[in-house]
Amino acid sequence: DQQVKQNSPSLSVQEGRISILNCDYTNSMFDYFLWYKKYPAEGPTFLISISSIKDKNEDGRFTVFLNKSAKHLSLHIVPSQPGDSAVYFCAASAGPNTGNQFYFGTGTSLTVIP
Amino acid sequence: DAGVIQSPRHEVTEMGQEVTLRCKPISGHDYLFWYRQTMMRGLELLIYFNNNVPIDDSGMPEDRFSAKMPNASFSTLKIQPSEPRDSAVYFCASRSRFKSDTEAFFGQGTRLTVV
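Heads up: the protein sequence lines correspond to chains A and B, in order. If you read the first sequence in our numbering, its first letter stands for residue 1, the second for the next number, and so on. If you read the second sequence in our numbering, its first letter stands for residue 1, the second for the next number, and so on.
Since the hints were made in silico from the structure, they are not lab data. All values reported here derive from a predicted model rather than from experimental measurement. Some clues are possibly wrong.
To be verified - Footprint (simulated), chain B over chain A, 3 or more residues, beta carbon under 8 Å: (1) 51 to 61; (2) 74 to 80.
Stated by the list, open to error - A short list of chain B residues far from chain A (calculated; beta carbon distances all over 10 Å): (3) Glu-14; (4) Arg-22; (5) Arg-41; (6) Asn-51; (7) Asn-52; (8) Gln-80; (9) Gly-107; (10) Gln-108; (11) Gly-109.
Unchecked claim - Only some residues are given here: those of chain A computed to face chain B with a beta carbon under 8 Å: (12) Leu-34; (13) Phe-46; (14) Phe-65; (15) Asn-67; (16) Phe-102.
Every residue, glycine too, gets a C-beta built ideally from N, C-alpha and C.
Sequences and hints are given; from them, build the entire structure.
Encoded structure:
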């Protein structure tokens, strides 16, 4: 069963606007969350993370929000740029409780239209 | 560091043949993960090692799949015999135990096509 879900397979946004990618999880033991970005023919690369002790983490144009009660996190990209077009994976970990492994969602393909 | 290195980048094989995928993790990393990317399940963890020891192989789909890590700098994922439904992109990733809450670093993947 998928413990991390990304229900939107794709998203299109105009350049300069905000991109919002969503992720839901089911395991309340998850305490660390990450977003990865993947370009075609490349491996996923780390983008930004958030610990469950926070509800927001910012890094330049990228902000991740965590709502623990709703078991939901989102990635905001402002402003969106054409180079942001990629597949974005949400991932979660419960540290030693799950052997330090990461559980990934199915990904959301973002297209930023110039 | 060159990062996580996987070989081959592409593999085309006939059904029934044995396939071996290779991975060299980042030096000093203690965790090694094998993932498979499919449209339906996204990045699916197959198996992971800690200090060369397999910790959890519950994601390995069938007995046709096996993985080894003979030393800290090399791991293999073997499929024997291969089937068309094994066609996917397989990723290897590694992470340091000193940063257990941080990200894993991925290789570029091996695109496997079984015909």
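Subject >> Hints not upheld, ascending by number >> reply: The structure breaks hints 1, 2, 5, 9, 10, 11, 14 and 15; every other hint is satisfied.
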